[in-house]
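*Asks:* As they're listed, the protein sequences go chains V and P.
Quick note: the first sequence uses this note's numbering, first residue 1, plus one each step.
Quick note: the second sequence uses this note's numbering, first residue 441, plus one each step.
Bear in mind the hints are in silico, worked out from the structure with no lab data behind them.
To give an idea of the interface, some chain P residues facing chain V are shown, with a C-beta separation under 8 Å as derived from the structure:
hint : residue
1    : Q565
2    : P600
3    : G615
4    : F852
Dumping the calculated SDA-like pairs for lysine to any residue here, alpha-carbon to alpha-carbon at most 20 Å:
hint : chain 1 : residue 1 : chain 2 : residue 2
5    : P       : K510      : V       : S223
6    : P       : K510      : V       : Y284
7    : P       : K672      : V       : L140
8    : P       : K507      : V       : R285
9    : P       : K510      : V       : R285
10   : P       : K507      : V       : D288
11   : V       : K73       : P       : A726
12   : V       : K73       : P       : V666
13   : P       : K507      : V       : T287
14   : P       : K507      : V       : Y284
15   : P       : K510      : V       : L222
16   : P       : K672      : P       : W481
17   : P       : K510      : V       : L221
18   : V       : K73       : P       : G723
19   : P       : K510      : V       : T287
20   : V       : K59       : V       : G27
21   : P       : K507      : V       : L222
22   : P       : K510      : V       : D288
23   : V       : K73       : P       : A665
24   : V       : K73       : P       : L725
25   : P       : K510      : V       : F219
26   : V       : K73       : P       : E722
Derived CB-CB ranges, DEER-like:
hint : chain 1 : residue 1 : chain 2 : residue 2 : range
27   : V       : P390      : P       : P864      : 54 to 60 Å
28   : V       : R266      : P       : R506      : 55 to 61 Å
29   : P       : V699      : V       : R308      : 18 to 24 Å
30   : P       : Q823      : V       : R62       : 53 to 59 Å
31   : P       : G667      : V       : R62       : 31 to 37 Å
32   : P       : E543      : V       : A265      : 44 to 50 Å
33   : P       : R489      : V       : F45       : 35 to 41 Å
34   : V       : G433      : P       : A544      : 42 to 48 Å
None of these values were measured; they are calculated from a predicted model.
Glycine included, every Cβ here is placed at the ideal spot set by N, Cα and C.
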Amino acid sequence: MTPPSPRRRVAVTGLGLVTPVGNDVEGTWSALLAGRSGGRGISLFDASGFSVRIAAEVKDFRDDERIERRLLKHTMRAHRFALVAAEQALADAGIRPTEATAERWGCTVGAGMMTSEYPDLAELHAHSAPEGEVQAGRLLTDPSANDPMIFCRSNANAGLALLTRRHGIRGYATSVHTACASGGQAVGTGLKLIRRGVVDRVLAGGFDSMISPVGLAGFCLLSAVSADNDDPQHASRPFDATRNGFLLGEGAGFLVLEEWESARARGARIYAELAGDGNSLSSYRITDSPPDGDGPIQAMRAALADARATPADVDYLNAHGTSTGMNDRSESAATRAVFGDEVRRLLVSSTKSSMGHLIAAAGAVEAAVCALAIQRGEMPVNANYRVPDPDCDLNLVLGEARRQRVRMAMSNSFGFGGSNSCVVMRHPELVDGGPVASRS
Amino acid sequence: MALPRILITASGAVCAAGMDAEAILRAVLDGRSAIGPITQWDTTGWPVRIAGEVADLNPRALVEDRKLHKLIRRTDLFGLYAAGRAIEASGLPAWRETQEAAEAAITSDRTGVYAGSGGGNYQNQYDYLPLMTAAGGDLREFGRQLPDTVNPMWLLRTLPNNVLGHIGIRHGLKGPNACITNHSVGGTMAVIEAFEALRQGEADRAVAVGHDAPIEPQMVLYYRAVGLIASKALRPFDACHDGSLFGEGAGALMLETEVSAKARGAPVIGEVLGAGFASEGEGLLAIRGDGDGVARAVRAALADAGLIPADVGMVVAHGNGTPQSDASEAAALRCVFGNAMPPVTAFKWAFGHLIAAAGILDAVLALAALKQRVVPGIATLDQIAPNCAGLQVSATLRAPRSDVALVICRGFAGTNAALLLRAP
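In isolation and in its complexed conformation, chain V is listed as follows (with noise of 0.2 Å):
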């Protein structure tokens, strides 16, 4: 039992997950413990001269028959994806927004790029731009140029705006980007807000998707996808020597979050509470963090001291674990320099050797496999790792998912830009006693 605390406690309520390897949260979860790959050829678009033509695309995806066509219309495909999460996670928590609660729910995203989507600009350009150069005087008949649709759609909180519009929120709503760590700070900052007392509930969570032409070419460009094409289901091994880049993954993630004592009056399910945030910019280079840590090591302490916990507290760490060279070996130095001796023990697993890499989806996607580890007492397994790094030796969770109890999960995420997120959950039996949430 932790010490009595004034602070208001946030609980995790509700899940809701699309991924690769998975269109909800079962699904999802008994891919991540038996470490399938989504990873396949590129089948959205014809990516065959593309020097990557792997991803980890979202399969079958169908919309909910819940959501309304007219609001499906102001969509892009990683909207459909947060529409879908947020619909399940509330279900899930068995509670929504009413008109007397409106005003106590806020909203926290992190949302994917903002930009059109790549038939929008092939239609601009066929239009406008036939010699690749667009002409300011063809855009004022441009079809595409002029559709209040493509606007509604590429604008920056459209997400946001779908969702609070869909569910009737009505307090703070936030749209954020900081890249990877967007979805984790959005998790992040739903934590900050029902502490603050703005909001007693948070739908918060993560969407995006960029397994596009556009989208793949710019990471193609940096070279920071790997190039396994003939092997997508092992392109992405998070800490083995051979690492060479991420899978591109895409989907949604969105979590219930409520303030702990109303979510126990109410008898709602509860799979963890949200412990702490911590966040932290690296101040090195915008594509990676410094190879000792420096960075993503203050964000880590900051997250522990905010839950109050310390390193032994702490039984499973869902790293960032891209499966690039600099993220692993950097990220590893952090867990090694914040965790000290505890990490011979810490079990560590990056589910993105599984689903790939969400991007702005991934914090919150991570968040969400760290609630559940929790709530089942199952680490889910770091996939297809066969040779060691010297440089990554932490304790990782190979072969298969290991089955223990969890009394605090962390969640890290790195992104461009330099800025690191860390989420900790703690078991509910350790904050008051009462039950954890029973498996539906």
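Take the given structure of chain V and dock chain P to it, following the hints.
*Replies:* Showing chain P alone in chain V's frame:
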């Protein structure tokens, strides 16, 4: 437990009307609008030909490091400039240099960066158009010719969080941070999140910056298509208000706990007294006619600051010049202030709507106006719109009734933010 006081120790600003708060305020007080012809593309035959462009933009005057120019865009230049000015003017870097290495490292770790960013410009993707022409509509060719045709740094140049990342690298700041891509309220939310992080003890000081450069052809056409662009001038609360006009630039504030500011003898230009936020949840563009979101945000800010409406000395309204926004904002202010309406002004008529930078630039200017004990007039105001009746707006200069300013900011997705600021 009482929350610590959060002081403002410096500001930075750039927009069409000037390169710092004083110059911009002078233009506003002179009744000079910096809105003029758009020069970034040939607008012959265009339905929208004016905006508040930063004229004769010289990237090196904004950001000295020439190497950095390859990695950033126009919007980032503004953000890095304004934030850099605020950081330097606060005296933080000079003070840090006097510290022992270990102490200086703590100072860096305890200094946050909060950015409000416009997110993406449509032009970012135009770098792919030559490749699309070369590929002749064949994606296989697009992929093959990609490495030879497009700048390898393309993705990094277009990151919405570039200002955040580069401020950190350039000034060695490593504390808590956020990049808020929440349309027009982004910059104001950067102030709110920085304010809250300091109150909660996450950091000792933080720079908040909002930046945007929305003046691009496709963006202008879209805003016009949804009916938000003015035909001739941006005329907040005027009977002839018929839309907004774009501006561009950035605003920045250095926030600091009272303890930290005193410890290093920092200059103090203001204080954040409270903040409030509310969304209406009606969709991307829809706003409620009764101003419900504005009213709730303002009331939340007053409650947060422990103030009553009569304490507010002036209101810097969002005043974007669209009839729906102006009327609902007026309704909200009538509702909150009743018969105790303070002088109300708005600044966008003078340099346009800076979208993600709009609210934080308004905050920077509110502090400058309070310092001079003036409420600038709205020069484009001729006759108040009937549905804005009751607002104490004026075309000419007045005096604030106290040293407290309320700054209102609104954005897409029915978002509304309010800040209460005091000048020393």
